[in-house]
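Starting from the known structure of chain A, arrange chain B with the ligands on it as the hints suggest.
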Amino acid sequence: MEFFQRFAIPHPSPAIYASMVAIALVSIGIVVGLTYFKKWGYLWREWLTTVDHKKIGIMYLLSALLMLFRGGADAIMMRAQLATPEAKLLDAQHYNEIFTTHGVVMILFMAMPFIFAFMNLIVPLQIGARDVAFPRLNALSFWLFFVGAMLFNISFVIGGSPDAGWTSYFPLAGNDFSTSVGTNYYMLAIQISGIGSLMTGINFCTTILKMRAPGMTLMKMPMFTWSAFIANVIVVFAFPVLTVALIMGTADRLFGANFFTTSNGGMDMLWANFFWVWGHPEVYILILPAFGLYSEIISTFSGRNLYGYKSMVWSMVLISLLSFLVWTHHFFTMGQGALTNSIFSITTMAIAVPTGVKIFNWLFTMWKGKIRFTTPMLYSVGFIPLFTIGGVTGVMLAMSAADYQYHNTMFLVAHFHNTIIPGVVFAMLAGLTYYWPKFFGFMLNEKIGKTTFWFIAVGFVLAFFPMYITGLDGQARRMYTYSESTGFGPLNMLSFFGGALMAIAFLLIVYNIWYSFKNSPRDIGSDPWDARSLEWATHTPVPEYNFARLPQISSSQAFWDSKKNGHVLFKGEIEDIHMPNNSGVPFVMSCIFFVAGFSFVFALWVPAVIALIGVFVCMTLRSFEQDHGYHIHAKEVKETEAKYGEVLNNEDRSRATSRV
Amino acid sequence: MMALVLILSGCEPLLVLDPKGPQAERQASDIMLSIGIMSFIVIVVMVILAVILFKYRASKLPDDYEPPHIEGNHIVEAICVGIPVLIVAYLSFVSVQSNYIVESAPVGYEEQEPLVVYASSSDWKWHFSYPEQGIETVNYLYVPTDRPLEFKLYSYGPITSFWIPQLGGQKYAMADMVTTLHLAADEPGEMMGRNANFSGKGFAENAFNVTAMSQADFDEWVQEVHETAEPLTESEFQELLEPGHLGQMTFTGTHLEFSPAPEHNHDSETTETEADHSEHSSHDESETNEETDHSGH
Ligand code: HEM
Ligand SMILES: [Cu+2]
Ligand SMILES: [Cu+2]
Chain A
1 MEFFQRFAIP HPSPAIYASM VAIALVSIGI VVGLTYFKKW GYLWREWLTT VDHKKIGIMY
61 LLSALLMLFR GGADAIMMRA QLATPEAKLL DAQHYNEIFT THGVVMILFM AMPFIFAFMN
121 LIVPLQIGAR DVAFPRLNAL SFWLFFVGAM LFNISFVIGG SPDAGWTSYF PLAGNDFSTS
181 VGTNYYMLAI QISGIGSLMT GINFCTTILK MRAPGMTLMK MPMFTWSAFI ANVIVVFAFP
241 VLTVALIMGT ADRLFGANFF TTSNGGMDML WANFFWVWGH PEVYILILPA FGLYSEIIST
301 FSGRNLYGYK SMVWSMVLIS LLSFLVWTHH FFTMGQGALT NSIFSITTMA IAVPTGVKIF
361 NWLFTMWKGK IRFTTPMLYS VGFIPLFTIG GVTGVMLAMS AADYQYHNTM FLVAHFHNTI
421 IPGVVFAMLA GLTYYWPKFF GFMLNEKIGK TTFWFIAVGF VLAFFPMYIT GLDGQARRMY
481 TYSESTGFGP LNMLSFFGGA LMAIAFLLIV YNIWYSFKNS PRDIGSDPWD ARSLEWATHT
541 PVPEYNFARL PQISSSQAFW DSKKNGHVLF KGEIEDIHMP NNSGVPFVMS CIFFVAGFSF
601 VFALWVPAVI ALIGVFVCMT LRSFEQDHGY HIHAKEVKET EAKYGEVLNN EDRSRATSRV
Chain B
1 MMALVLILSG CEPLLVLDPK GPQAERQASD IMLSIGIMSF IVIVVMVILA VILFKYRASK
61 LPDDYEPPHI EGNHIVEAIC VGIPVLIVAY LSFVSVQSNY IVESAPVGYE EQEPLVVYAS
121 SSDWKWHFSY PEQGIETVNY LYVPTDRPLE FKLYSYGPIT SFWIPQLGGQ KYAMADMVTT
181 LHLAADEPGE MMGRNANFSG KGFAENAFNV TAMSQADFDE WVQEVHETAE PLTESEFQEL
241 LEPGHLGQMT FTGTHLEFSP APEHNHDSET TETEADHSEH SSHDESETNE ETDHSGH
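Protein chains in written order, with our numbering: chain A, 1 to 660; chain B, 1 to 297.
A couple of the hints might just be wrong.
Said to hold, decoys possible - Which residues of chain B face chain A? A partial, calculated answer using Cβ under 8 angstroms:
(1) L53
(2) P165
(3) A216
Unchecked claim - From the structure, some residues in chain B lie toward chain A, with a derived Cβ separation under 10 angstroms:
(4) Q27
(5) I37
(6) P67
(7) S98
(8) M174
(9) T180
(10) P188
In case anyone wonders, no lab produced these hints; they're calculated from the structure. Glycine included, C-beta positions come from ideal geometry on N, C-alpha and C.
Bound-form chain A, shown alone (with noise of 0.2 angstroms):
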């Protein structure tokens, strides 16, 4: 009996029971369609088992949509509950696990997806690479990252929701106060996602510094890459902390382990400082590949070279080291005492300098530019004052006699909407923009993209800066309700506002996406945006070799030199090309991971123990495999690149444009 009820929903609610219906009619659909359309074979040969680093980017980046969703749902949610002092849709149990749900899927299964997708699709291009380091790695590093997703996302239909916040502090996270297995889900499927973060952050440092294109010496890569190095360097320090802390934090759940219990000797403050020693730099591995984005597209639509590329570089390299120098400030209530407070205070407060500086340098790209007023660019220029707000009042926060009073209370929650929303989102949806043409052969419609432009920069500032006053009246973050009588009602109807016009805008995306598949024109050539990086500089799609030749490099702006300067970017004779064979390994293994993770929640011991074992058993035979990939041919390549025609017979091109 007891075994069953650890299965039930700690609180059913009608929106619980309908998702479920939901979720399996879904399911249902997928199976048959799969199976009417006879699509089974495809799906295995081209998706589940690829190693190509273009379609794992894809991957990444439909299931960050899917989760901006799951967690724009919830935030829909959350500012329904909160519109009206007193509201009844929403018991505050049910409110915890939203919030709680809606800040990790948020942060670790939208943001880290969408960068990654970023940084698969791109950063081989732009180094002009054939594919990442450790392809195989990589497949293993997105099915690891997909199956954590999943199962974060059957907690709210199979046992509960985590509910002690993102942050998931102890002792509120142990058995004791969060009663739900909802926490182990938290444990265990943020563990599996993170390994496949590490081994990412691993495979690109490894790609950037070992498999750059003949020429292109580290202060020549394009702004994008330096960003998603620095990010991935922050990933390969900070994410074993956080594998660390899961695994103590499991040990407390499932083993009565007493690392952070506030008895026998457990210290729940190890647990927030292991949790911000990785949670702070995180955020700055979202943010600089954000940056690097903007870097891109701000410079392509302005036609100018990034101005003070070097200041941009030591910025971001100093940004990484503060980064992890700051991690006290989400506890300076905490009773550290005034000098502790002090110096974590001034660390963090010195980050605002190089961030300042690539305002500055983003400000003098645009000068004595041409501006297009792109989508992609909207989103930029967007960027630029919001983010700006965003980082004052991060050093508002970081003056911490103040942070006192701001501690925990909306003001905070405004605070890091207003950095991670315009600065991760906003590049991610440029981003998903500008890049779009590039790996699915269309453009997306301009016209409804900059309406979801206005429709969620207006939405944005309606839904988060009355959360500024509401903070600075005492209404304290992750409260389900208040009375009347805070005064806090029309302020926060006001940010339901603002809400609904993001999911509107989200709305729209998807919107664009189906209605651009339908009209759009398919003949747009490999470099639409008149772009200035490497990645413009293959076919439009990318073939699965992406580079006939590997290109010979000299400056950061390699594609736009041989446009405009007539430098011969691709040398030489077509030769046989050498590629990794695809593989089921990968995501075979990941569904077994899932089995061991949903085995732990439970804590159903029989299963775990099988799971493991075919976990190692799936490594042992990979380190006895022999797998030597395959080759393409010269002739073949030719015969690819031929039927791309004119388009992109480099020299032709750069003949062509040398005499408009």
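Below, chain B with the ligands alone, put in the same frame as chain A:
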């Protein structure tokens, strides 16, 4: 940002910006100072952006305009680094100064003996023990004006955060240590206090009322409590600790006698400034305290 400033100074002041004591006053003035400087930065960025967007948009420029290649300029970059460095340095200076101010006895109250109140949280209530007066209240707090207040914070359960916005910013209450928060009230009145750190289902209602009154009124109240309230027994206190909500309650005696605070401070600094308090005898003792302390849940 400007709109924000306007609203802040509007008719009904926001709690944090309507201080009733020196600590909150210092915090409010830091906040206003930073809002001022930060608005300036935001406005500068916005103006530069607007000018650039207006001047250099493609539709305005001749077709044959070719943007120049510019690598950077040392003077410009020195300014872009220098000004933020100056601003951050100034704010750091203010911040460090304020840290020491809010962590010590309130300005103007250094000479007086503080009123010590042990504020402990349990799911989802607040227990206030007045050891000097020998009384204890639940979910409401009476404090004298014009006297420094020293709150000793700890928790019977998850981490909570003790916050009275109009007297000063919050600090965590944890199960395994005691943190100290120095406050003072300048004028009599009613205020809102609450737990600001999420602590589970009953978190939203985890609030308490604060009433500041003259020392004479306060003494009178203490007198009255001694005359009218029941003593707090150990078994009754254990009952109070059960998860749930309670109204306001008053007792004579405090739970500190049978369920002492986990008095070991991790932060050496605050301990030093309070060397005159006898509770900080030794660390060994606190180990045993911790055990008894957790038999409660
Ligand atoms: C799309 C519009 C969004 C809305 C309307 C929204 C709204 C909210 C609300 C109402 C809360 C809870 C505040 C509280 O009660 O403490 C919250 C928390 C949070 N949000 Fe969002 N959010 C949005 C987007 C995002 C995005 C894009 C991210 C990150 C990439 C994000 C990350 C978080 C995090 C980390 C929390 C904290 C969760 C916690 O307290 O444990 N949100 N959001
Ligand atoms: Cu941080
Ligand atoms: Cu402690």
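Hints versus structure:
A cut of 8 angstroms between beta carbons decides the hint on B/L53: the least distance to chain A is about 6 angstroms, and the hint holds. At its closest, the beta carbon of B/P165 sits 5 angstroms from a beta carbon of chain A; the interface hint therefore holds under the 8 angstroms criterion. Taking 8 angstroms as the C-beta contact cut-off toward chain A, the hint placing B/A216 at the interface is violated, the least distance being around 30 angstroms. About 5 angstroms separates the beta-carbon of B/Q27 from the nearest beta-carbon of chain A, less than 10 angstroms, and the hint is met.
Here the hint on B/I37 is kept, as its CB sits about 8 angstroms from the closest CB of chain A, short of 10 angstroms. Interface restraint check for B/P67: the shortest CB-CB distance to chain A comes to about 4 angstroms, inside 10 angstroms, so the restraint holds. Because the beta carbon of B/S98 sits about 3 angstroms from the nearest beta carbon in chain A, less than 10 angstroms, this interface hint is met. Interface hint at B/M174: satisfied, since its Cβ lies 6 angstroms from the closest Cβ of chain A, which is below the 10 angstroms cut-off.
The criterion of a C-beta within 10 angstroms of any C-beta in chain A is met by B/T180, whose closest approach is roughly 7 angstroms, and the hint holds. At about 20 angstroms, the closest approach between the beta carbon of B/P188 and any beta carbon in chain A exceeds 10 angstroms, and the interface hint on this residue is violated.
When the structure is compared with the earlier hints, violations turn up for hints 3, 10 and for no others.
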